[in-house]
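Line by line, the protein sequences are chains A and B. Residue 918, in our numbering, is where the first sequence stops; the numbers in between run on with no holes. Residue 918, in our numbering, is where the second sequence stops; the numbers in between run on with no holes.
Keep in mind that the hints were calculated from the coordinates and are not lab data. Hints are not guaranteed to be accurate.
[To be verified] Under the rule of at most 30 angstroms between Cα atoms (straight-line distance), these lysine-lysine pairs were calculated in the DSS-like manner:
hint	chain 1	residue 1	chain 2	residue 2
1	B	K829	A	K829
2	A	K903	B	K841
3	B	K867	A	K829
4	A	K829	B	K841
5	B	K903	A	K903
6	A	K867	B	K829
7	A	K865	B	K867
8	B	K903	A	K841
Protein chains: 2
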Amino acid sequence: MILEIVTTYIKPGQEDAFEEAFKNASHYIAESSGYIGHELRRCIEVKGKYVNMIRWQTVEDHMVGFRGSERFQHFREELSPFYEKPSDMNHYEIVMQNPA
Amino acid sequence: MILEIVTTYIKPGQEDAFEEAFKNASHYIAESSGYIGHELRRCIEVKGKYVNMIRWQTVEDHMVGFRGSERFQHFREELSPFYEKPSDMNHYEIVMQNPA
């Protein structure tokens, strides 16, 4: 399992609308091959900062399967109006976890 | 549940030693009141970049209970020699997750 972490920064005052739009657009991710699950989390210290953490079977399921799909175009169209600046995105593999 | 995400950058060539030291020092976190679980993940695209994601009952369990403890001092002493630059740290609360 690969974890994609996207950090996004939302325009001031647009936070509630972004959260609602994200929920409505989540099916575009969830319908992808290799999708396992995802969660959106709101930063407590920095208003407008969020992390979207998506679990994929492989990096290719995200970068080729999802990014190359029309679903990604729809997802981006519906959410990019809320972005204050470009998002950061990386993929992560496990080193250790506890409990195992 | 609150998720603490710490992004760290390790000195070139020190990655394996850091991973081993992190595993050995993890008990300092896990023995804390309010600790639920944690995982260390290695960035696939950026060598030396890691995320440590720690689940706590509350922000205070981390910021007061752990950060105010001797265990935190030991944890920092054992891992800070590996850090290339200061880490980023924030706490996140859930907005939505799928599967629920």
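(request) Measure nothing beyond the straight line between the CA atoms of K903(B) and K841(A); if it is 30 angstroms or shorter, mark the hint as holding. (result) Between K903(B) and K841(A) the Cα gap is close to 36 angstroms, so the pair fails against 30 angstroms, i.e. violated.
(request) Compare the distance between the alpha carbons of K903(B) and K903(A) with 30 angstroms, and conclude whether the hinted pair is satisfied. (result) Roughly 24 angstroms between the alpha carbons, so the hint for K903(B) and K903(A) holds.
(request) Would you mind confirming whether the straight-line C-alpha gap from K867(A) to K829(B) stays at or under 30 angstroms? (result) holds (27 angstroms)
(message) Tell me if the straight-line CA distance from K829(A) to K841(B) falls inside 30 angstroms.
(response) Roughly 39 angstroms separates the two Cα atoms, so the pair is violated.
(request) Mind checking the alpha carbons of K865(A) and K867(B) for me, to see if they're no more than 30 angstroms apart? (result) Answer holds: K865(A) to K867(B) is near 25 angstroms, not above 30 angstroms.
(request) Measure nothing beyond the straight line between the CA atoms of K829(B) and K829(A); if it is 30 angstroms or shorter, mark the hint as holding. (result) Violated. K829(B) to K829(A) sits at ~35 angstroms, over the 30 angstroms cutoff.
(message) With the threshold set at 30 angstroms, check whether the alpha-carbon distance from K867(B) to K829(A) stays at or below it.
(response) holds (27 angstroms)
(request) Verify the proposed pairing of K903(A) with K841(B), using a straight-line Cα cut of 30 angstroms. (result) violated (36 angstroms)
Hint check: violations occur at hints 1, 2, 4 and 8; the rest are consistent with the structure.
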